[in-house]
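Be aware that the sequence shown starts at 9, since it is given in the numbering used here, and climbs by one per residue.
Read the hints as simulated data drawn from the structure, not as lab findings. A few of these clues could be false.
[What the hints assert, rightly or not] If you anchor each label on the Cβ, the simulated ranges turn out as follows: (1) Gly27 with Lys211: 25 to 33 Å; (2) Ile412 with Arg369: 24 to 32 Å; (3) Ala343 with Asp275: 17 to 25 Å.
[As the list claims (entries may be wrong)] Below are the SDA-like pairs computed for lysine to any residue, each with C-alpha atoms no more than 25 Å apart in a straight line: (4) Lys392 with Val319; (5) Lys296 with Pro279; (6) Lys230 with Ser579.
Because the structure is a prediction, the values reported are computed rather than measured. Glycine included, each C-beta is placed from N, C-alpha and C at the ideal position.
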Amino acid sequence: MTTQQTINLNEAQQAMLRGDHGRARQMAMRLLIDLAAMAGTDRLTPISSAHLSGVSPLTGGLGLRQFLVRLAEDPGEGVSVPTTLNAAGCDENQFPEMRIVVPDFLAHHHEIVNSYARLGVNTIQSCVPYEWDEVQPTLNPDVPAAWAESNAICFANSYCGMRTNRESGLSALACALTGYAPDYGLLAEDGRRPNLAVTVTAKLEDPTDFSLLGDWIGKQRKPGWRMPYGPIPAIVGLPENPNHEQRKALSAAAANYGSPLLYIQPDDEFPDGDYQDRLLFGPDELAKRYAELRPEAPVSLVVLGCPQASVGELRAIAGLLRGRHVTAEPTPPGAPPPLWVFTSAAAMAIAEKTGLAAVIRESGALLLENTCPEVVPYDQSWVKLVLTNSMKAEHYIKSGLNGIPTAVMNLADCVAVATGDMIIADNRPRVEIPDQTTQRPAPTKSSLKVSSQESAVGHVPTQVAANGRGLPSQGDFRIVGEAFVTDTPITFLGYVNRETGVIEEEGHPVNGQSLAGKVAIFPRGTGSSVAPYVLLELYYRGKAPVAIINSEIDQQTAPACSLEGIPYAYSFDADVTGIVSTGDTVSLERVGDTVRLQVLARAE
9 MTTQQTINLN EAQQAMLRGD HGRARQMAMR LLIDLAAMAG TDRLTPISSA HLSGVSPLTG
69 GLGLRQFLVR LAEDPGEGVS VPTTLNAAGC DENQFPEMRI VVPDFLAHHH EIVNSYARLG
129 VNTIQSCVPY EWDEVQPTLN PDVPAAWAES NAICFANSYC GMRTNRESGL SALACALTGY
189 APDYGLLAED GRRPNLAVTV TAKLEDPTDF SLLGDWIGKQ RKPGWRMPYG PIPAIVGLPE
249 NPNHEQRKAL SAAAANYGSP LLYIQPDDEF PDGDYQDRLL FGPDELAKRY AELRPEAPVS
309 LVVLGCPQAS VGELRAIAGL LRGRHVTAEP TPPGAPPPLW VFTSAAAMAI AEKTGLAAVI
369 RESGALLLEN TCPEVVPYDQ SWVKLVLTNS MKAEHYIKSG LNGIPTAVMN LADCVAVATG
429 DMIIADNRPR VEIPDQTTQR PAPTKSSLKV SSQESAVGHV PTQVAANGRG LPSQGDFRIV
489 GEAFVTDTPI TFLGYVNRET GVIEEEGHPV NGQSLAGKVA IFPRGTGSSV APYVLLELYY
549 RGKAPVAIIN SEIDQQTAPA CSLEGIPYAY SFDADVTGIV STGDTVSLER VGDTVRLQVL
609 ARAE
């Protein structure tokens, strides 16, 4: 291990690093030292709890399963603090009703959950741990936590007084095993300062209104923003004292693009912050988003409960369904689509006692627990268009996880579609088959779309080298390869093809390009905290980048690089996304504590 960053370890931490407590805690401590060095801190701090993401075979995939097998070889003493588990990919007690056709999915589900259980994890299979009675006592600022699951991080930091960095599934597991987290970022006041000023003039009432706002904020991202811990919006103009469901919808959607924390300002005054931009969300923006998200074709399936439905949400759903009839089964064209409702085991227990569950089931809807709409592999032989009231569900169901077109309406309208009280017409434009006898002219250079890097060629600074740092666990290396460059964060889960490495995000500057076998240079990973398992799967399939360079602190890609030895560098003395262009031939060489990036040849 190099000595570039001195981390002050106590006796217990040193014992874990030596392997005295098993290989699992040794691997975890090595990872935490890497992350601490990257964050520029010299200490690890005790944590009160951890929450782990990466449960569904759909999201965690091969990378998660193979990593858990490695841990199982020598699990040691398991987790050191109370640790809970995220939502799974299915309700195993109603697996046939979910009509999942992926081979061995249920077996892989059991394998993953049992692996976590052997480590001492409380397998609650919930993406809303902040709603669980046994978790709530750990939500305090006095002892930090280490949570993954993006919506839970944002909600707990924003409304529960908790302090957690935006951990990835891997880094949260490392913290859980050791009982410590690197002391930086959102664990201190300076890291929690707002960096986006958002003024809302639209009237927001339904939780879906809040969901659209959260997602809209993330969509405004600009390459010039400097947000080392993600967007932290301060929002003025919202109704006074938003309720639990409104806050939950807002934070879950804001987390789509990496927001770990937000501030709702009741006095319409912005607090002190490091503001990168000012945004305005008015009636036109709200109406436009609803119009854009409205279904344009008959709906195949309606899903509610993303994140898993609270008791309040179940009460609202039951109220709309009372005395009505829907179905849970696939329906023929022209008939109302089936309705599936997702909730946690904790909310289900209350719903059973209060009669809410009975009302929902008596309507004919499928009421599921332990799973969430975004992590289910739907049978696409009949699921062609999904309708939901959640921008979090929309963001991931339409992504590469399922690739299913997804529409959004408010809760009442979603239920109305399922009951048949609202009919969705097919408004899709007709596709005209072009005349094959007419030859299209070849595109000219001026008509081609180019990425932000490609458009900047000719304005690249004359400097062709920069010096940065590497992870303490990695030794000297030299890599020569083709550069893959973007100045926009990359959402790995759902938007990077985990079998090919191709970016699949419409509107992203490098959409359609592959980072496989390249020296990948980008600010950081964003989106779901399961991202490291996508990178691990690319590595296991031989489709990972040969090296990764980040310009910001990144809990998404660094953990996978640390665990598998993928050459990694950060903290360069120049803007690496500005001095290198996609297609350039570059060398990345580490000697001692310094990593040198050099452009050897420009792309033609």
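Now for the hints, and whether the structure bears them out:
Restraint check, Gly27 to Lys211: a C-beta distance of roughly 59 Å breaks the suggested window 25 to 33 Å. A hinted range of 24 to 32 Å holds for the C-beta pair Ile412 and Arg369, which are about 25 Å apart. In this structure the supplied range 17 to 25 Å is violated for Ala343 paired with Asp275, their Cβ-Cβ distance being about 50 Å. Only pairs whose Cα atoms come within 25 Å are accepted, and Lys392 paired with Val319 is rejected, the gap being roughly 30 Å.
Taking the CA atoms of Lys296 and Pro279, the gap is about 29 Å. The hint is violated against a cut of 25 Å. Note on Lys230 and Ser579: the hinted pairing holds, with a Cα-Cα distance of about 20 Å set against a maximum of 25 Å.
The structure is inconsistent with the numbered hints 1, 3, 4 and 5, although it conforms to all the rest.
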